[in-house]
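Asker: The residues making up each chain are set out below.
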Amino acid sequence: MKVTFPHMGNLYISVKALLDDLGIDYVIPPFNNKRALELGNRHAPEMACLPLKINIGNYLQALESGADTVLMAGGHGPCRFGYYCEIERGILEDAGRAMDFITLEVPDEGIGELIRRVRKLTTGANLFKIVRAAAAAAKIVFMVDELEKLSFHTRPREVDRGCTDRIYRRFLSKVLSVKGSRDIKKLIEKTRGELVNIKIDKNFMPLKVGIVGEIYTTIDQYASFEIQSKLGNMGVEIDRKVTIGQWLMEHILKNLLPIPKDLRYAEAAKPYLKTMIGGHAMETVGNAVLYGRRDYDGVIQIYPLSCMPEIVAQSLLPSVERDCGIPVLTLIVDEMTGEAGYMTRLEAFVDLLLRRRGKRAIGALSWD
Amino acid sequence: MAKKVGIPRGLFFYRFFPLWKAFFEELGAEIAVSDRTTKKILDDGVRSCVNEACLPVKLYHGHVINLKDKADFLFIPRFMSISAGEYICPKFGGLPDMVRNTVKGLPEIIDVEINLVKSRRNAYKAAMEAGMRFCGSRKAVEKAFGLALESYRHYRNAVKKGVLPCDIRIERRGYCNDYTYDTSSCIFRSSGLNIAVIGHAYNLYDSYANMNLLGKLKKAGANIATIDAIDGRIMAEKACALPKRMFWDFGSRAAGGALHMLEEKQIDGVIYVMSFGCGVDSFVCDIVKRLVKRHGDIPFIVLTIDEHSGEAGIDTRLEAFIDIIGRARKAD
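The listed protein sequences correspond, in order, to chains A and B. Sequential numbering of the first sequence, starting at 241, is according to my numbering. Sequential numbering of the second sequence, starting at 1110, is according to my numbering.
If we strip away everything but chain B, and leave its shape as in the complex, we get:
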């Protein structure tokens, strides 16, 4: 019987799932993903995780609990860095340790370290270490890694065309190169308001966590632009404009992406989604706010989400924001 690898639907699931899925499936493993976030998952996470952690980390714990009895392995890589010279939040680096020490009765955890600050080949090394658990030949793992990268590139291309990652049916069985998507969600149609939504992927695309923010925007007729739709090289280049190089992957992408969108001058408003207590966001939000202010003072709003956020409050602010930018546009 095929070994079952459990992948919790949280944190970097929203960025790298197509890569992981193709990789493990190519090696003959079966993939189990936790259910979409529900009240129960959130409650389980909040109960088990330390109080001070941010919402996404708590949700991740909830997803681990949801998944732990359904898989032979849990894939919780130790992410230190996913781009050269840049780190991510330290909580990602300690994630396997956090989970291990808070959740009981876990299957074996695949906690390979991915640290591109150490060396560029580190991702390959991590893939090798994880892959060797499923098949004995280095060649096969290498091939699977190649295919996984290929699958990821296709996925990125779809996202770069303006498809929201949450609209791509990535869970379909078998790795595929034709990610099906709903073209109606592509950004920047000629009509409607163009709204840039900036935030961590795991805050934007978990519609339970953000109370269906993107769905609500779409319903209000807005075109959504995210930094995920921008080419990484463009963002890296734009981020050089910062007086001191950003040492967080998200920081340089958010600042670079925001600058890029601002310079294209198609944006009517910026929504920054931050989770309460996020250390990275507390600084990046400040930087992005300053960039927006410097570039023509476009309406800017910060939506903070946590396990207590009330939907009515978010709705009111969102409606007011859309009203304001609609009026600003008419005035032009």
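Next comes chain A alone, as it looks inside the complex:
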């Protein structure tokens, strides 16, 4: 059995640590790329959402390196993601490249079935080892999130342009050659040190933009055309509340442990969206409101075409925009999105925000 799994932002780092620690043989698909998307397009239903198409590309490229089993998360709706595993299994079968799927979810058959699936994955490993590896992987999720957050801070402020990107990208590819959670943690710490030591302009007051939207397209930098690096290099400091760590914390750990959930966003979304409707609609609306209340200059919503919950959120955002006085830009991505058009809109939005800030002179992007 040679396991593979789909990419979603930096998730591969923690999954790699987990599989390394458990001694499972695996293939990490090449980073999301154009060919993966093309492969996905060829085989996936036309109207399926972008993440599914990229997933299929990931599997097919991993298959080329000998993977035969897919490790995937599941769910029970109402978001389409919960049925990804079944649709993907069917698509690969029809394409004559059938792969085995191990779906991590609590299925209808109960928790026993989940344990059976985990057992299948971790042949031979004892429970203690599994728990320890899972805990280490979770720790790495949070560490990587922190690292990313640090890059949001340094990128617009760096004196030597492109410095943050260089360090951060080197880390993303270097981590592939490091084995085991211990060494990965060390590398993260080392990279953290490098980022902290970047020379920054302490007086610079960057624009602040909050990123909201569907989880995959906001987290995965291929799907969003590297929006984090693009905005950062335009002198914009960004923030994103939805991260893998946040998801793990709020939806898994806090369900298992008696810790109260952080529901500030739900409270903030209440006047606009009364109930949880699935996906990240509530987070999108609530976080946009929270950004509006704080000193943020703008909000950008990103989602894949035809994403159901985000369409609802999008139609509510104009009211948030009006009530909180914060401009919102919605970017919708799919396989047809052209980078040039996307960039133009992004630049125009940043321009608008700068002008809105008014006469207050700020450093970057000004030409005096």
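There may be inaccurate statements among the hints.
Capping the alpha-carbon separation at 20 Å, the derived lysine to aspartate or glutamate pairs in EDC-like fashion look like this [stated by the list, open to error]:
(1) B:K1227 <-> A:D348
(2) A:K510 <-> A:E490
(3) B:K1213 <-> A:D563
(4) A:K514 <-> B:E1217
(5) A:K242 <-> A:E304
(6) B:K1398 <-> A:E326
(7) B:K1328 <-> B:D1276
(8) A:K360 <-> A:D340
(9) B:K1402 <-> A:D334
(10) A:K514 <-> B:D1220
(11) B:K1353 <-> A:E345
(12) B:K1353 <-> A:E353
(13) B:K1177 <-> B:D1144
Think of the hints as simulated: they come from the structure by calculation, not from any bench.
Keeping the supplied structure of chain A fixed, place chain B upon it in accordance with the hints.
Answerer: Positioned in the frame of chain A, the structure of chain B alone reads:
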């Protein structure tokens, strides 16, 4: 004067109107339904709703605009789930919020939540909450709810006999248990082609949205079978054959219904009607297509509708499809 409850002719209107009508009328309210879909309703909807929404949601906005000045209340329930353990499209759950934030000058909205995933008694609770606005006694609301269910069952029975919901004159005043219908539209007569038309009720029975698809099929002499004509229990049972349980109401009905029809072996062709950008359809269509392929490779066609669909294009495809299955049948 009786209070007027406005019910937009869109989305679940096509499934639950008889129930709602009987309920509100029993409570002494008057019912106002928006006009049948017209170009103006479509244009109003397209203009007010977000671009990315699907055709049925846009049409719904158009119907709200058509109705908002004619009623004291608008009945836009927040549907999260209409069957145990199954959801529907998240847009239904956010529908009252969407309408409220896009259409101006609305009357009071009755946006009770119906969520059968939470509890089976949730529908009753929602009825109570909505009904108490019209009459003070819980008993009266309970009675109205009972009658409404009764009326709905009669309606379902007519549909199960093979009558197309669009042929039933459901708007007649007063709740009635004798839904009049035109028996000529019953399915599976011995002659003619049997065509299964699978799609959301609001796509199939809004003849403006689908450019009179069902009328055209009837005119071509085809017998139309829809999943609405199949007993819910049969569909639920058949849907168990799927490797992973479907968590959408429409998904399990469409897959279960398609399997049932395929196993009966009376179907000559399958037409899947999907609205552009529909998240649920994008997956369910794929599943149904696979089921059809596995069961003897019956001709299968997907018709996608949106606000731009050209009638000529649909006609051509439909004619070609009917030609093909006619020929396939002769060859047998």
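Asker: Regarding the pair K514 of chain A and E1217 of chain B, is the alpha-carbon distance no greater than 20 Å?
Answerer: 16 Å, holds
Asker: Are K1398 of chain B and E326 of chain A close enough, with their CA atoms no more than 20 Å apart?
Answerer: Holds. K1398 of chain B to E326 of chain A sits at ~14 Å (cutoff 20 Å).
Asker: Is K1213 of chain B within 20 Å of D563 of chain A, Cα to Cα?
Answerer: Since the Cα atoms of K1213 of chain B and D563 of chain A sit roughly 16 Å apart, the hinted pair holds (cutoff 20 Å).
Asker: Sort out whether E490 of chain A lies within 20 Å of K510 of chain A, counting only the CA atoms.
Answerer: 19 Å, holds
Asker: Hint check: K1402 of chain B vs D334 of chain A, CA-CA at most 20 Å. Holds or violated?
Answerer: 11 Å, holds
Asker: Hey, K514 of chain A versus D1220 of chain B, does the alpha-carbon distance stay inside 20 Å?
Answerer: Given pair K514 of chain A, D1220 of chain B holds - Cα atoms ~10 Å apart, limit 20 Å.
Asker: Can you confirm whether the C-alpha distance between K360 of chain A and D340 of chain A stays at or below 20 Å?
Answerer: 11 Å, holds
Asker: Given the hint that K242 of chain A pairs with E304 of chain A, does the C-alpha gap stay at or below 20 Å?
Answerer: The given pair, whose Cα atoms are some 12 Å apart, holds under the 20 Å limit.
Asker: Holds or violated: K1353 of chain B with E353 of chain A, Cα cutoff 20 Å?
Answerer: Holds, because 13 Å separates the two Cα atoms, which is no more than 20 Å.
Asker: Holds or violated: are the alpha carbons of K1353 of chain B and E345 of chain A at most 20 Å from each other?
Answerer: Cα-Cα ~12 Å, so holds.
Asker: Take a quick look at whether K1177 of chain B and D1144 of chain B sit within 20 Å of each other, Cα to Cα.
Answerer: 12 Å, holds
Asker: Taking 20 Å as the top limit, are the C-alpha atoms of K1328 of chain B and D1276 of chain B close enough?
Answerer: It holds: about 14 Å lies between the C-alpha atoms, which stays within 20 Å.
Comparing the model with each earlier hint shows no violations; every hint is respected.
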